[in-house]
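S.K.: What follows is the residue order along each chain.
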Amino acid sequence: MSSITQPVGGHGHGHDEHAHHPTGIMRWVTTTNHKDIGTLYLWFSFTMFIVGGIMALTIRAELFEPGMQILAPERFNQMTTLHGLIMIFGALMPGAVGFANWMIPMQIGAPDMAFARMNNWSFWLLPPAAILLVLSLFVPGGAAETGWTLYPPLSIQSGMGMDLTIFAIHIMGASSIMGSINIITTILNLRAPGMTLMKMPVFCWAWLITAYLLIAVMPVLAGAVTMLLTDRHFGTSFFNAAGGGDPVLFQHVFWFFGHPEVYIIILPAFGIISEVIPAFSRKPVFGYASMVYALSAIAILSFLVWAHHMFTTGLPAAGILFYMYATMLIAVPTGVKVFNWLATMWKGSISLEAPMMFALGFLFLFTTGGFTGLILAIQPVDVQFQDTYYVVAHFHYVMVAGTLFAFFAGIYYWLPKWSGKMYNETVAQWHFWLSFIFFNVTFFPMHFLGLAGMPRRVPDYAQQFTDWNQVATIGAFGFGLSQLVFLYAVVSAIRSGKPAPAKPWDGATSLEWTLPSPAPYHSFETPPVVK
Amino acid sequence: MNADSLPQRQEDRAARLRAANRRTGLGLLAISVVFFVGFFASRMLSSPDVSIAVVGVAVLLYLAVAIGRHLRK
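The listed protein sequences correspond, in order, to chains A and B. Counting with the working numbering, you get residues 1 to 531 for the letters of the first sequence. Counting with the working numbering, you get residues 1001 to 1073 for the letters of the second sequence.
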């Protein structure tokens, strides 16, 4: 662990500050405090991660051997759909917003978010949406079985579960837009004196750009699913071929949202990694300005590549070439970021506490996912791998090893500031190594399965795919159980961890580390002056 | 300068900040509403290709302006 630079007792939460606030459950329902709301987002995200994870384990259990074991085929498809939707909209996005709520005001020296009440509302829209999604399993016809992409014509023909899914997406979209408005306004208007935009921590920059992306794509998704709804119930034919509509248009619109969505999820993770690596290398981040420019370039390029998800739909040759090269072009700013993280570590005084281990794990695994993405960007190759397990392996390397590992890094990094307690380093190291090993045991074999031609979203498969499927299933259960170690690490730290100093990490330099640990309920009521 | 001018100044500053927050928030909300409504409106244009191109160009312009103007600060 980094040396303790400024011992501060575990107080600092200022119980008197709570005196005029509701207590118990009402505190959490009515709170407008960014730290409380950040905590709510993070626990909600973890809960959804468990729910989505249980669905993933059910899927993997079914795939342990060929033939039908525990799920009917339609239930299997419902599980894959809900697993995707819950992980993306319920776990990863709210998790990232949780980090934003906790850290952005403290990193820019603001007392709270710009719209505190709207912040509360943004969060409390999520649980009903999540309940709708999960409840859709139990309505007649079951949940949507289209996969998270909701492609017509199946999504037009599905039962009532699809309506619940559309409604849930509307609610979660509204929550995301409100959250984004709040984040942009907070960053633009509430920065401490002297903190110019180009002095902000990279995490804040990553979130500023992410919020702009959300404002752009969420209305498009909302428009697309509204059209689906009217096609289903009001006789329109936007995507219904029988009425002259165009199902492929939905694919265009969905991926116009869906590809930037990947970056909406990964950019905050980039921000977290850009905080952790300099802190544990004891050097400022290498090439700050180029990091910001790279983030911006990734955001803009993310809107120019959506049709690489549709290479098999019969695009014109010029379109294929454009989307192929544009997709490869994204590797350039992403490569700039990876280079800068490596250059930050170069000749740094590196220490390998849990946050840094997860950051290194992120670097290694995300880059692997990035490379398989480059392979999939090549259209002739993509045509072969379309809808195979190679794609499943690729996006799990990006989403799980990318975003989730960055979240773990961020949680271990900031937990002392949030809770005022240190986590147990040994337990956290166990969590890292178990997660790292079992993640690879789960998802690396999927590359082989995909290369051999195993299609995704099937509950049964040919005999020759059995071995690697069994390895993947064992890995998945190991990865799932490893997260109990994470839960133990966090809960034991909060309940009985050693008191954390104000700045437990030598190399941490941003404003939040000037506050005591845990951070006071109201921080920076008088803005600090940044030079 | 009289004795209560400092709290008055702080109150004025807080009011200005709230107004600025409202302006920024409403501006962003307006953008998202325009994208939502514009998405439907663009379907009234000729083909699906034109429709997605119009929305795409609008979104790209918004992003280039929104992000680009901050990069100089």
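Please keep in mind that the hints were generated in silico from the structure rather than gathered at the bench. Incorrect hints may have been included.
From chain B, some residues computed to sit far from chain A (all C-beta separations above 10 Å) [said to hold, decoys possible]: (1) 1007; (2) 1008; (3) 1009; (4) 1012; (5) 1015.
Some chain B residues close to chain A (C-beta under 7 Å, calculated; not the full set) [unchecked claim]: (6) 1025; (7) 1059; (8) 1066.
Partial selection, computed: residues in chain A whose CB lies under 7 Å from chain B [unchecked claim]: (9) 114; (10) 149; (11) 153; (12) 174; (13) 177; (14) 184; (15) 185; (16) 197; (17) 209; (18) 249; (19) 300; (20) 301; (21) 303.
Ideal Cβ placement from N, Cα and C applies to all residues, glycine included.
S.K.: Which of the numbered hints above does this structure break?
M.R.: 10, 11, 12 and 20
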